[in-house]
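Peer 1: The residues making up each chain are set out below.
There are 2 protein chains.
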Amino acid sequence: MSKTFDEKLNEYARVLVEAGVALQSGGKLLINAPLDARPLVHEMVRVAYRRGALDVRVEWRDEELEKLRLTEGGREAALFMPEWAMEQAERMVDDGYARIGLRGDDPNLLAGVDGALIAERSKKTAQMGEKVSAAITGHTVDWSLGAVASSAWAKNVYPDLSEEDAVARLWEDIFTVSRINENDPVAAWKDHTDRLARLTHYLNDQQFSAVHFSNPEGTDLTVGLADGHVWDGGAMAGATGNSTVPNMPTDEVFTAPHRDRVDGVAVASKSLSVRGTLIQGIRMEFKDGKAVSVSAETGEETLKQLLDTDESAAHLGEIALVPASAPVAQTGTLFNMTLFDENAASHIAQGRCYSTNIAGGSDEEKLLAAGGNKSLIHVDWMIGSPTTDVDGITKDGSRVPLMRQGEWVVEAAN
Amino acid sequence: MSKTFDEKLNEYARVLVEAGVALQSGGKLLINAPLDARPLVHEMVRVAYRRGALDVRVEWRDEELEKLRLTEGGREAALFMPEWAMEQAERMVDDGYARIGLRGDDPNLLAGVDGALIAERSKKTAQMGEKVSAAITGHTVDWSLGAVASSAWAKNVYPDLSEEDAVARLWEDIFTVSRINENDPVAAWKDHTDRLARLTHYLNDQQFSAVHFSNPEGTDLTVGLADGHVWDGGAMAGATGNSTVPNMPTDEVFTAPHRDRVDGVAVASKSLSVRGTLIQGIRMEFKDGKAVSVSAETGEETLKQLLDTDESAAHLGEIALVPASAPVAQTGTLFNMTLFDENAASHIAQGRCYSTNIAGGSDEEKLLAAGGNKSLIHVDWMIGSPTTDVDGITKDGSRVPLMRQGEWVVEAAN
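Top to bottom, those sequences are chains A and B.
Going letter by letter, the first sequence gives residues 1481 to 1894 in the numbering used here.
Going letter by letter, the second sequence gives residues 1481 to 1894 in the numbering used here.
Isolated chain A, as found in the complex (with noise of 0.2 Å):
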């Protein structure tokens, strides 16, 4: 018997509490959420709290109001940001509370609004909230994203359907990619996490020196990888030993390049939603590491600005293998949303890398001598296509095929 959209809802619940961030007795919970996502966060605070949970907090987000900030606030109000806003946040960073993320904003919430002062906000947003997105980068906090049909969002993916049908679509395609579908969904998490746990070990044993990505569509790029790089995927241990998922759907296994070697055209093969703007056709030429031409058939204003943020914008922090027979990938939908689409093709990251991608890369020190990129931004963007094939390269030079037409083909992955 399928299942009924609240006992949907009831799973994915239990799927982000204890499959994501894996909560225990006694621990403390932040949600981070839209206001539309109001009966999923009640069901996640039951949850929470009937595993024992001492104390759940939820950050209500409404987009709207940092939307009405930049367009009726004067410049000193869309800038103005006290000190103190950040310090509840940083203080539960200190105070261990896992956090799970609730994505669902609309993709062009600030299209027409003025790119320079969205940019500068940005980059002051980013500079306070350093402790935080460190604690985060560096896995010293449990957390995991998942996502809500917002009304905004489910309207931007399916333009042409009334806005209930609109929402019970993306609530679906929802469950569908979280694997809410299946039986046991919990269950089903491990048995994918296992899957891609057993593709990191392999990639981790080989220790490429690079990965070269090749489609027809033009993407030519080699991606040295950085000293001692480490793949990762799935679940990890979290703060508190136990394993987590920080994304909800992940198909993906990443790691962190080497932030001067990476040569070559990179060829978007989807469209990219940063800043309330829709970026569509990037293409980017790198050398040395260093993106050195940048286009855009929309939205490259905002694009130049986002490599602009600091030196190390230009420069990749992540990259990722997906195949493209991942759930979101046969869901046919592009969702403007990175959590989802970076799950449908493989993909790399301007800007900062994990910490975790680089043996002993907690260390600052020892992350850019192994290679490793410190940025205020890591921002995904897909190349990947079921055209798509990537080599593993390794010291000697030789080529290892791991994907062919976009999927594995690699022993590890079955």
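What the hints contain is simulated information worked out from the structure, not anything from laboratory work.
There could be a bad hint or two in this list.
Given that identical chains are not distinguished, each listed pair holds provided it fits within a single copy or across any two copies.
[Unchecked claim] DSS-like mimics (lysine-lysine), calculated; alpha carbons at most 30 Å apart, straight line:
#1 K1488 <-> K1635
#2 K1547 <-> K1483
#3 K1611 <-> K1508
#4 K1770 <-> K1875
#5 K1604 <-> K1508
Predicted model, so just to flag it, every value in this text is computed and none were measured.
Place chain B on chain A using the hints.
Peer 2: Here is chain B on its own, set in the frame of chain A:
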């Protein structure tokens, strides 16, 4: 031509921001609102930024989360409250944020939840929030309270209507009692508060020794007034010197009783919703200022726990005079919410007095010497009705009629 719903909502936003807290260019504003208030809050934020606000922040309140903590969490979770949770609120007080609170909670939210646990958590919340409470009662920050027709509140007030109709009807009530149907609501508020100012000036000139309430329903109560008491009502000079209106609606003039000079019997004329419980049929007998005999037809246990909060909770901190013809009374509706119901009837409050109701009251020693009351709680309950007479008693014992059959009979009221 009558106004559309959206026009009324926008005028209400303007009334709260302009007449309520008189927000100035460069000012900062904190809005505390239930999730159902989204459209109104967006409009308030827009109005505030257009007036030149430097920062507008919204604390979204989800009463369901508080309930889940008490019903699904263990005892430790129910009482958990980290120190840092209040620090941000205190910083905003220090930084001069004006505060607008929107009420709309379900009056019966916590019915069935362990009353002792609720009382324990409420007391802890009150203790930790003392600094913020003091800024509010002392008007060292500008503040105003309004309301939003949340589904839960609307269904409580109009149980026989569909949810949609109940919400629509309750919004119309809110607009009516907030003078939004007047041609220029901000100007209407000015006229109304000018009249209340004439009444407070008259009463302050008289410096009555006590006020006596009587009605056929059993109330026969003499409330001695604090030495150097100050009648207040309607608009107040706010922290920035501008005229603010702390309660919307407001039809009361109010002052501080003497904590040890209240004698006789008070019988509730309306029910009281407190801590999520409905308390009906209150009867209290006072002797030398203290409630010595307390009963209620429903919710008696909650009421008694409330009076046990501290040793001053059984004493009075406010008396307020409201005519039976006030707009709230004219709606004929019992709102189960103090902000509204207290403007349908004269009332008294258990617990702390407002320091502004006693000359020099910001000095705690002077306040206590004058007979002011200091407590963790401040809870109004209604004793006035269309059958209630109110007299002022002068220092030489003579009586001056203030209200007859619930209506003002003094010249200043015209």
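Peer 1: Give the relationship of K1547 and K1483 under a CA distance limit of 30 Å: within one copy only, between copies only, both, or neither.
Peer 2: between (38 Å within a copy, 28 Å between copies)
Peer 1: Indicate which option fits the pair K1488, K1635 if close means a Cα-Cα distance not exceeding 30 Å: within, between, both or neither.
Peer 2: Answer is both: 21 Å inside a copy and 28 Å across each meet the 30 Å cutoff.
Peer 1: Using 30 Å as the alpha carbon limit, work out where K1770 and K1875 are close: within a copy, between copies, both or neither.
Peer 2: Within one copy only: 22 Å inside a chain, 87 Å across chains, cut-off 30 Å.
Peer 1: Given identical chains, is K1611 near K1508, meaning Cα to Cα at most 30 Å, within a copy, between copies, both, or neither?
Peer 2: both (19 Å within a copy, 26 Å between copies)
Peer 1: With 30 Å as the alpha-carbon cut-off, assign the pair K1604 and K1508 to within, between, both or neither.
Peer 2: both (28 Å within a copy, 20 Å between copies)
Violation of the numbered hints given earlier is absent; every hint is satisfied by the structure.
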